[in-house]
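Everything in the sequence shown is counted per our numbering, starting at 787 for the first residue and increasing by one.
Hints are computed from structural coordinates only; laboratory data are not their basis.
It is possible that part of the hints are untrue.
Unchecked claim - Pairwise CB distance ranges, derived in the manner of DEER restraints:
(1) I842 x I889: 31 to 39 Å
(2) G820 x G871: 36 to 44 Å
(3) R913 x G882: 14 to 22 Å
(4) G832 x L878: 44 to 52 Å
(5) F938 x E823: 31 to 39 Å
(6) I933 x G882: 27 to 35 Å
All C-beta atoms in this analysis are idealised placements derived from N, C-alpha and C, irrespective of residue type, glycine included.
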Amino acid sequence: MTPGGAGGPVFTRRLVEALFATATGLFGLVIAWGATEFGVGWSASGPEPGTFPFYIGCVIALASLGNLAYGLASRRFAGEAFMTGEQGLRVLLFVGPIVGFVIASLLLGLYVATAIYMVAAMTFQGRYPLWHAGLVAVGLPAALYLILEKGFQVPLLKGPLEAALGL
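With the hints as extra help, turn the sequences into a complete structure.
The structure is reproduced here in structure tokens:
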């Protein structure tokens with residue numbers, strides 16, 4: 787992530803390419819292995835249920851092996867740092883609020899978390915006035931509730947506030 791001093795970057799792009807290719811390769815192998823539980827051959831009525839997932843897992847594993855070989859053999863990524871400190875900060879500023887939204891959704895419900903997220907995103911990132919963010923933070927969850935819960939009858943994740951209001 788950050789330069790490691792005289793020794794070069796701590797995480798080189800080549801290392802991260804290799805780790806990601808290995809992870810996706812293992813993912814493909816797990817899919818293929820799990821598919822064997824359901825049968826991967828042909829029965830009297832046609833292909834068994836695990837045939838398609840088995841072959842997809844094999845394709846993922848083989849493609850990952852190709853990516854691994856290319857990443858290790860390529861001189862293009864040899865000493866290149868995977869990510870600078872500034873790039874890492876930008877990723878954290880993007881991912882952090884999303885993780886916070888997911889946690890708030892689980893603890894407070896989707897509507898309350900949406901309101902909090904909208905106020906925070908609009909005021910801190912978008913630099914909108916608080917009154918404008920407040921209107922959107924009230925209007926968006928209300929619109930979602932009316933459209934999804936009442937219109938389409940699709941219940942979303944509720945929290946303690948919705949339970950107290952009987953929604």
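Status of the hints after comparison with the structure:
1. The hint said 31 to 39 Å for the Cβ distance between I842 and I889, and at roughly 32 Å that hint holds.
2. G820 and G871 have their C-beta atoms about 40 Å apart, which keeps the hinted 36 to 44 Å range intact.
3. For R913 and G882, the Cβ-Cβ distance of about 18 Å falls inside the hinted range of 14 to 22 Å, so the restraint holds.
4. The supplied range of 44 to 52 Å is met by G832 and L878, whose beta-carbon atoms lie about 49 Å from each other.
5. Look at F938 against E823: about 36 Å separates their beta carbons, and that is inside 31 to 39 Å.
6. A hinted range of 27 to 35 Å for the beta carbons of I933 and G882 is consistent with their spacing of about 29 Å.
The structure meets every hint from the earlier list without exception.
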